[in-house]
Amino acid sequence: MPEALLAARAVTVRFGGLVAVDGVDLEARHGELVGLIGPNGAGKTTLFHALSGVLAPDAGRLLVAGEDLTGSAPHVFAAHGVARTFQMPRVFRDMSAEDNVRFALQFAGRTRRHAHDAFDDARTILGFLGLGAASAVAAGALTPARQRLLEIGMALGARPRVLLLDEIAAGLTPAELETCAQLIRRVRDELGVAVIWIEHAVRVLMSHVERVAVLHQGRKIADGDPRAVAKDAAVIEAYLGEEGVGSEGGRERRVA
Amino acid sequence: MSAREQLAATLACGAVLAAAPWLLSDFLLSLALSCLMYAALAVSWAMFCGPTHYLSLATSAFFGLGAYVTAWSLESLPYGVAVLAGGLIGVAFAALIGAAVLHLRGAYFAVITFGLGELTLHLITYTEKTYFHTAGRIISDAPDNAAIYWTVLVLTLGAVATAILVRASRLGLALRGIGADEERAQTLGVDTRRVKILAFALSAFFPGALGAAMAVRWTYIEPLSVFNPFIGFQTVLMAMLGGAHTLIGPIVSAVFFSLVSEFLRLRFPYVFLLLLGLLLIALILYLPGGLASLLRRRGRADA
Ligand SMILES: Nc1ncnc2c1ncn2[C@@H]1O[C@H](COP(=O)(O)OP(=O)(O)O)[C@@H](O)[C@H]1O
Ligand SMILES: [Mg+2]
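In the order they appear, the protein sequences are chains U and W. Under this note's numbering, the first residue of the first sequence carries the number 1, and numbering increases by one thereafter. Under this note's numbering, the first residue of the second sequence carries the number 1, and numbering increases by one thereafter.
No lab work stands behind these hints: they were computed from the structure. Ideal Cβ placement from N, Cα and C applies to all residues, glycine included. Take the hints with a grain of salt, since some may be wrong.
Some residues of chain U that are not near chain W, with every Cβ distance over 10 Å (derived) [as the list claims (entries may be wrong)]:
| hint | residue |
| --- | --- |
| 1 | Phe15 |
| 2 | Asp58 |
| 3 | Gly66 |
| 4 | Arg93 |
Distance windows between CB atoms, simulated [as the list claims (entries may be wrong)]:
| hint | chain 1 | residue 1 | chain 2 | residue 2 | range |
| --- | --- | --- | --- | --- | --- |
| 5 | U | Asp189 | W | Ala15 | 33 to 41 Å |
| 6 | W | Ala107 | U | Gly130 | 50 to 58 Å |
| 7 | W | His103 | U | Glu237 | 42 to 50 Å |
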């Protein structure tokens with residue numbers, strides 16, 4: 001088995017007394033598409049903060065292609081090829097969509113080349129995401145759903161080896177959601193990146209990923225083949241009172 | 001305008017302005033000098049503070065340090081070398097305080113940069129009294145007015161050219177990203193700490209060098225007169241009134257307010273300050289992008 005491109009080992013993140021992420025192990029390999037699910041407040045976003053250097057974990061290690069980056073600043077993670085999106089889009093609002101992608105290309109993406117040069121220029125990336133017509137529009141003027149797409153564009157501009165996607169499909173219709181999933185698979189197939197994808201539309205997610213990890217109250221309670229995980233008693237238990245593992249969460253929008 | 005065209009325009013303006021010592025009276029030349037000085041101060045302030053939205057009140061400190069470089073060295077160094085040294089002292093001091101306090105934001109950063117300026121003033125006062133037994137220094141054999149004017153002109157052109165190049169470079173892009181969302185810029189690969197220290201230090205070259213260049217206009221130098229906080233405040237006001245995110249805004253505003261201030265200061269010294277303060281409040285409330293935002297139509301300003 002090849003070495004994991006990204007590995008979290010027993011990562012813990014606390015907010016005061018609250019343990020948001022509790023001793024979590026998670027890996028993603030070259031070309032692997034991993035789903036990350038869990039009820040609201042399970043710690044998924046916080047785990048992404050740790051994986052991208054935005055928050056230093058209180059315990060545990062973070063390895064990127066075998067290199068220990070624990071405690072490094074976000075730009076170091078970016079330089080090693082970890083790119084992410086933000087659940088609440090954080091595009092540069094006054095810059096055009098194209099300049100947002102170019103920003104990523106100019107910094108994080110500067111030292112690497114993509115396996116596929118179709119993604120090596122801001123306009124092509126925007127075109128791929130269906131944002132070609134919006135390239136000159138100020139990012140702040142895009143709808144939230146399109147800002148999420150632009151977030152993917154910025155992450156692609158970073159020429160990632162590992163792509164962390166945080167609820168990029170929130171607010172999409174089922175049809176748009178399916179298109180979005182196809183898009184992510186194409187990115188993975190053509191660039192060979194490792195993808196970890198958080199999404200609330202659990203059923204759609206499960207039908208596209210090769211592996212899924214489940215967080216509940218900061219702990220990882222399952223990790224494996226989607227079909228097996230969907231039948232896992234602990235997972236079903238965790239989702240009781242929520243919307244259920246099989247439910248279609250495509251239209252919901254959270255205010256987390 | 002592309003960066004290349006902007007540089008060409010700057011050079012052309014410089015060539016015209018270089019003729020001033022042959023054409024203007026002493027009074028007008030000193031007025032022109034004051035316009036140039038404030039234009040350079042405002043442009044270099046806006047170079048860092050414009051895109052990042054930091055509010056630095058350290059300009060007076062850079063200026064005062066530069067002036068003291070001249071006071072200490074003019075007897076042993078040529079004027080031009082003292083000016084260069086003043087700029088480098090500004091850079092070094094800015095790098096030092098930048099590394100210490102650039103993680104602070106908003107009012108905290110403003111207050112601490114102001115405080116560090118005051119601290120420097122008192123340090124120099126103390127050093128002069130304790131080790132040199134002097135309260136101030138007399139500048140002898142100062143260069144003539146034309147030489148001072150040309151030196152300040154070169155510094156102003158240098159500040160404008162640097163601002164143009166920074167805006168067109170990755171450094172400028174990184175600064176804009178830091179101003180918009182610093183953490184996001186980091187996740188996109190910008191070493192924000194390094195970029196901020198670098199740009200802050202670079203922008204301090206000009207106030208430092210200007211302090212050194214202008215020091216010879218005083219015949220007697222003492223800390224309280226060269227570390228004048230008013231110079232720093234006025235710089236910030238001018239840059240913000242003109243629109244600190246633009247290139248041309250701070251220049252136009254610095255020239256305009258230098259002229260108005262000279263006129264008003266001669267007649268109604270306190271009314272002027274009052275007026276400037278009120279104008280600033282009105283502009284911050286109703287026109288946060290500065291006067292330059294009046295000029296831009298839709299889309300992005302390309303000043
Ligand atoms: N900045 C923060 N300060 C304090 N608590 C936080 C912060 N961010 C998240 N939390 C808490 O940490 C837990 C995990 O949140 P989060 O990672 O956003 O969950 P998820 O993304 O799975 O919905 C929640 O209880 C949330 O309230
Ligand atoms: Mg979340």
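**Minimum Cβ distance from Arg93(U) to chain W greater than 10 Å, as the annotation requires** = It is violated; Arg93(U) is separated from chain W by about 7 Å at its closest Cβ, not greater than 10 Å.
**Prompt:** Beyond 10 Å from every Cβ of chain W: is that where the Cβ of Asp58(U) lies?
**Reply:** 19 Å, holds
**Nearest-CB test (10 Å) between chain W and Phe15(U)** = The claim stands: Phe15(U) keeps its Cβ more than 10 Å from every Cβ of chain W (closest is about 17 Å).
**Message:** The output says Gly66(U) does not contact chain W. Does that hold with a beta carbon cutoff of 10 Å?
**Reply:** Given a closest Cβ separation of 20 Å, the condition holds.
**Request:** For the range 42 to 50 Å, tell me whether the beta carbons of His103(W) and Glu237(U) fit it or not.
**Result:** 44 Å, holds
**Asked** Has the hinted range 50 to 58 Å been met by the Cβ atoms of Ala107(W) and Gly130(U)?
**Response** 43 Å, violated
**Request:** For Asp189(U) and Ala15(W), compare the CB-CB distance with the range 33 to 41 Å and indicate the outcome.
**Result:** 59 Å, violated
When the structure is compared with the earlier hints, violations turn up for hints 4, 5, 6 and for no others.
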